[in-house]
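There are 2 protein chains.
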Amino acid sequence: MKWVWVFLGVFLSMGTLSWGEMGLEVPEYDGKDRVHVLNAKNYKSIMKKYDVMVIYYHKNVDGNRGAMKQFQIEELALELAAQVLDDLDDEDIGFGLVDEKKGSAVAKKLGLDEVESIYIFADNEIIEYDGELAADTLVEFLYDVIEEPVEIIDNDRELKGFFNNDEVIKLVGYFKNEKSRHFIEYDDAAEEFHPFVKFFATFDPKIAKKLKLKLNEVDFYEPFMEEPDTIPGKPYTEDELVEYIEQHDRPTLRKLEPHSMYEIWEDDIDGEHIVAFAEEDDPDGFEFLEILKEVARENTYNPNLSIIWIDPDDFPLLVPYWEKTFRIDLASPQIGVVDVEDADSVWLEMDDQDDMPTADELEHWIEDVLRNKNLNSLDSLKDHYSLGKLLQN
Amino acid sequence: MKWVWVFLGVFLSMGTLSWGEMGLEVPEYDGKDRVHVLNAKNYKSIMKKYDVMVIYYHKNVDGNRGAMKQFQIEELALELAAQVLDDLDDEDIGFGLVDEKKGSAVAKKLGLDEVESIYIFADNEIIEYDGELAADTLVEFLYDVIEEPVEIIDNDRELKGFFNNDEVIKLVGYFKNEKSRHFIEYDDAAEEFHPFVKFFATFDPKIAKKLKLKLNEVDFYEPFMEEPDTIPGKPYTEDELVEYIEQHDRPTLRKLEPHSMYEIWEDDIDGEHIVAFAEEDDPDGFEFLEILKEVARENTYNPNLSIIWIDPDDFPLLVPYWEKTFRIDLASPQIGVVDVEDADSVWLEMDDQDDMPTADELEHWIEDVLRNKNLNSLDSLKDHYSLGKLLQN
Numbered sequence: 000m001k002w003v004w005v006f007l008g009v010f011l012s013m014g015t016l017s018w019g020e021m022g023l024e025v026p027e028y029d030g031k032d033r034v035h036v037l038n039a040k041n042y043k044s045i046m047k048k049y050d051v052m053v054i055y056y057h058k059n060v061d062g063n064r065g066a067m068k069q070f071q072i073e074e075l076a077l078e079l080a081a082q083v084l085d086d087l088d089d090e091d092i093g094f095g096l097v098d099e100k101k102g103s104a105v106a107k108k109l110g111l112d113e114v115e116s117i118y119i120f121a122d123n124e125i126i127e128y129d130g131e132l133a134a135d136t137l138v139e140f141l142y143d144v145i146e147e148p149v150e151i152i153d154n155d156r157e158l159k160g161f162f163n164n165d166e167v168i169k170l171v172g173y174f175k176n177e178k179s180r181h182f183i184e185y186d187d188a189a190e191e192f193h194p195f196v197k198f199f200a201t202f203d204p205k206i207a208k209k210l211k212l213k214l215n216e217v218d219f220y221e222p223f224m225e226e227p228d229t230i231p232g233k234p235y236t237e238d239e240l241v242e243y244i245e246q247h248d249r250p251t252l253r254k255l256e257p258h259s260m261y262e263i264w265e266d267d268i269d270g271e272h273i274v275a276f277a278e279e280d281d282p283d284g285f286e287f288l289e290i291l292k293e294v295a296r297e298n299t300y301n302p303n304l305s306i307i308w309i310d311p312d313d314f315p316l317l318v319p320y321w322e323k324t325f326r327i328d329l330a331s332p333q334i335g336v337v338d339v340e341d342a343d344s345v346w347l348e349m350d351d352q353d354d355m356p357t358a359d360e361l362e363h364w365i366e367d368v369l370r371n372k373n374l375n376s377l378d379s380l381k382d383h384y385s386l387g388k389l390l391q392n
Numbered sequence: 000m001k002w003v004w005v006f007l008g009v010f011l012s013m014g015t016l017s018w019g020e021m022g023l024e025v026p027e028y029d030g031k032d033r034v035h036v037l038n039a040k041n042y043k044s045i046m047k048k049y050d051v052m053v054i055y056y057h058k059n060v061d062g063n064r065g066a067m068k069q070f071q072i073e074e075l076a077l078e079l080a081a082q083v084l085d086d087l088d089d090e091d092i093g094f095g096l097v098d099e100k101k102g103s104a105v106a107k108k109l110g111l112d113e114v115e116s117i118y119i120f121a122d123n124e125i126i127e128y129d130g131e132l133a134a135d136t137l138v139e140f141l142y143d144v145i146e147e148p149v150e151i152i153d154n155d156r157e158l159k160g161f162f163n164n165d166e167v168i169k170l171v172g173y174f175k176n177e178k179s180r181h182f183i184e185y186d187d188a189a190e191e192f193h194p195f196v197k198f199f200a201t202f203d204p205k206i207a208k209k210l211k212l213k214l215n216e217v218d219f220y221e222p223f224m225e226e227p228d229t230i231p232g233k234p235y236t237e238d239e240l241v242e243y244i245e246q247h248d249r250p251t252l253r254k255l256e257p258h259s260m261y262e263i264w265e266d267d268i269d270g271e272h273i274v275a276f277a278e279e280d281d282p283d284g285f286e287f288l289e290i291l292k293e294v295a296r297e298n299t300y301n302p303n304l305s306i307i308w309i310d311p312d313d314f315p316l317l318v319p320y321w322e323k324t325f326r327i328d329l330a331s332p333q334i335g336v337v338d339v340e341d342a343d344s345v346w347l348e349m350d351d352q353d354d355m356p357t358a359d360e361l362e363h364w365i366e367d368v369l370r371n372k373n374l375n376s377l378d379s380l381k382d383h384y385s386l387g388k389l390l391q392n
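Protein chains in written order, with numbering that gives the first Met the number 0: chain S, 0 to 392; chain F, 0 to 392.
The reader is advised that the hints may include incorrect statements.
Remember, identical chains collapse to one label, so a pair may be satisfied in a single copy or spanning two.
[What the hints assert, rightly or not] In silico DSBU-like links for lysine-lysine, alpha-carbon gap of 35 angstroms or less:
id, residue 1, residue 2
1, 323, 159
2, 107, 47
3, 43, 323
4, 48, 178
5, 47, 323
6, 159, 208
7, 68, 292
8, 101, 159
9, 323, 48
10, 31, 323
11, 175, 159
12, 254, 209
13, 254, 169
14, 107, 40
15, 209, 43
16, 292, 107
17, 211, 175
18, 208, 292
19, 100, 31
20, 100, 213
21, 211, 48
These are calculated hints, taken from the structure and not from any lab test.
Computed from a predicted model, the values in this text were never measured in an experiment.
So that you can see chain S by itself, here it is in the shape it has in the complex:
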């Protein structure tokens, strides 16, 4: 595949600084091959060389010109990621490719089952990455992977930092110290979900008091909720923690993130998603998001409700595609139901952006959506779902 490099030698290096200014150079791809092609003979010895191994399990592209080009681009993103991480001091991170056809023996041995996914082998754990295949998103995810699975909260400012990040599923436990048997069970459970679920702990009784935690107790925070749930039955074994988290890992409101976008999209409910678009940095979007959070908090125990919040700022290149596909205007907030099989959708009509629905009205609409279940019956209510009509019900 060397001939591609001739044209792509400087792939993704687009930053420019004035002459004589330094300190902000975006890396250029240097053309060196760093990504290994893994086969039954070499995979063990190659994987032994690295602390972390990132393996792209890809479709076989032989004889398909379009797929081949696509694959070359993907390979380049991995090469750039490998080059950038080559400079990292602490960890050796290797990259490899396993072809669905030619590498089927390796795939079987390594337990790779979903083609087009990236598997990350780190510390005896296998992490599946089902996000954007872009160098920056993948590299940022890998920094999280190599961090410790449990973050310790030592003081009030760090506690404020803990509360500040409310967009992810997180847990916090209070333990005697790092050697505590119960902390070790907690740490082991953390490894199972790392880095998707964030685990925190404190050994400080004053911090624990502020978190309203008893010794060996763990609280579970759903995204965007104000109050946590205390996991019952302390002290817990690793298995008990794992089971609890698995039963609660689909939040009532969850944010679409580039590093897990496909994973979340594939986790539909009866082939549908309730999707809300809101730009947090915009006052209108912020307002709508506040209403949405209120509804989510009211319905946190409804297992049939999981709203995906998309901030258009995080996916600028998808905005015109969504506007066209869903026939909506993303300049204002939107909420709708999307059929993931054909991208058919119905949207709540919010004509006047100065007069948004109240949390009650929005809840009413969502209840109606859940009751009608499939889009055909929703569709019969017209192309656009009108709030006014709903309120007459």
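Following the hints, complete the assembly by docking chain F onto the known chain S.
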């Protein structure tokens, strides 16, 4: 340049969804040429076709193989941006190239002066974009460009949204209504700084009261400050507002953003930057950022102090480069002084990440840095600046 497309036809399309799932397709470049090459003959008629024209004023690359490749990649980023925005309903956004040598006549007529910059012509204003030349960052910036320059705050939730975004320079004014002469002056001033500085207004006396604003009064909010400054001498003309903002447009603490990274980096003070690395989503980083904000608030009127805060999460590909260039570990927060000519730097030694400097200690260090002015004298204090040593002074 057609031959490039053969290999790059699917450039940047790396997202994959399971079979039968729709609604999340990252756009692929379709290979169609949309970016115009502007010359003295065609530029007027081409620019007339669009509401917004994005012009990349680039170096001449004839005879330089490396620069040519680099330029092709940049062109591709622009082509992808043009394609994505082609689907936009509201506005026609055109893209053009002006060659430093071949297009010098056009450059002169359009007033382009900084080579390697992007100039955006919209509503009789010229906006210089000096950020990352990547399709997503540029497209996101263009969405901001086509928004109204003044955002109206109608209710309490929107007011909360206004306060929520404290990372940018923003202004808010209270006016009678949209037709008010004073609002029109304010709106005209907004156009001069749009979209870099955010302008808000309210026509609601209750909201104005919560903002402590009198009629026709405008408050100026520096990033990360708790209290605004009221611009003196209300009511203001456009020129008075413009002058005030120009005198206050270098904040005490500012965040490096991809869309303006080069502009900020080039705005050094005596060839140096005080740079702080802190990951906001990490408790340690959050803690350090809180201390930094405290120092910035104490020193908001010091014209010689402007700290650049970099969240490593925003620049994942640059992290190993910075760690190598500055010889620091970005797993923990860092603060240092960087010479922009040679990227030479000295950093505050924070050995124990559990015991961060207090705001006073950090302020002491920064004062010392400003007093010593150039890195040579700082360097004589050793490779790393030790907090312990400083406190003995």
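Hints versus structure:
no.: 1; hint: 323 x 159; in the structure: between (41 angstroms within a copy, 31 angstroms between copies)
no.: 2; hint: 107 x 47; in the structure: within (18 angstroms within a copy, 60 angstroms between copies)
no.: 3; hint: 43 x 323; in the structure: between (47 angstroms within a copy, 31 angstroms between copies)
no.: 4; hint: 48 x 178; in the structure: within (31 angstroms within a copy, 70 angstroms between copies)
no.: 5; hint: 47 x 323; in the structure: between (48 angstroms within a copy, 26 angstroms between copies)
no.: 6; hint: 159 x 208; in the structure: both (14 angstroms within a copy, 30 angstroms between copies)
no.: 7; hint: 68 x 292; in the structure: neither (43 angstroms within a copy, 48 angstroms between copies)
no.: 8; hint: 101 x 159; in the structure: neither (51 angstroms within a copy, 56 angstroms between copies)
no.: 9; hint: 323 x 48; in the structure: between (48 angstroms within a copy, 22 angstroms between copies)
no.: 10; hint: 31 x 323; in the structure: between (40 angstroms within a copy, 20 angstroms between copies)
no.: 11; hint: 175 x 159; in the structure: within (21 angstroms within a copy, 40 angstroms between copies)
no.: 12; hint: 254 x 209; in the structure: both (27 angstroms within a copy, 31 angstroms between copies)
no.: 13; hint: 254 x 169; in the structure: both (14 angstroms within a copy, 27 angstroms between copies)
no.: 14; hint: 107 x 40; in the structure: within (14 angstroms within a copy, 63 angstroms between copies)
no.: 15; hint: 209 x 43; in the structure: neither (48 angstroms within a copy, 65 angstroms between copies)
no.: 16; hint: 292 x 107; in the structure: neither (43 angstroms within a copy, 52 angstroms between copies)
no.: 17; hint: 211 x 175; in the structure: within (15 angstroms within a copy, 48 angstroms between copies)
no.: 18; hint: 208 x 292; in the structure: both (27 angstroms within a copy, 27 angstroms between copies)
no.: 19; hint: 100 x 31; in the structure: both (26 angstroms within a copy, 33 angstroms between copies)
no.: 20; hint: 100 x 213; in the structure: neither (53 angstroms within a copy, 72 angstroms between copies)
no.: 21; hint: 211 x 48; in the structure: neither (45 angstroms within a copy, 63 angstroms between copies)
Violation of the numbered hints given earlier is confined to hints 7, 8, 15, 16, 20, 21; the remaining hints are satisfied by the structure.
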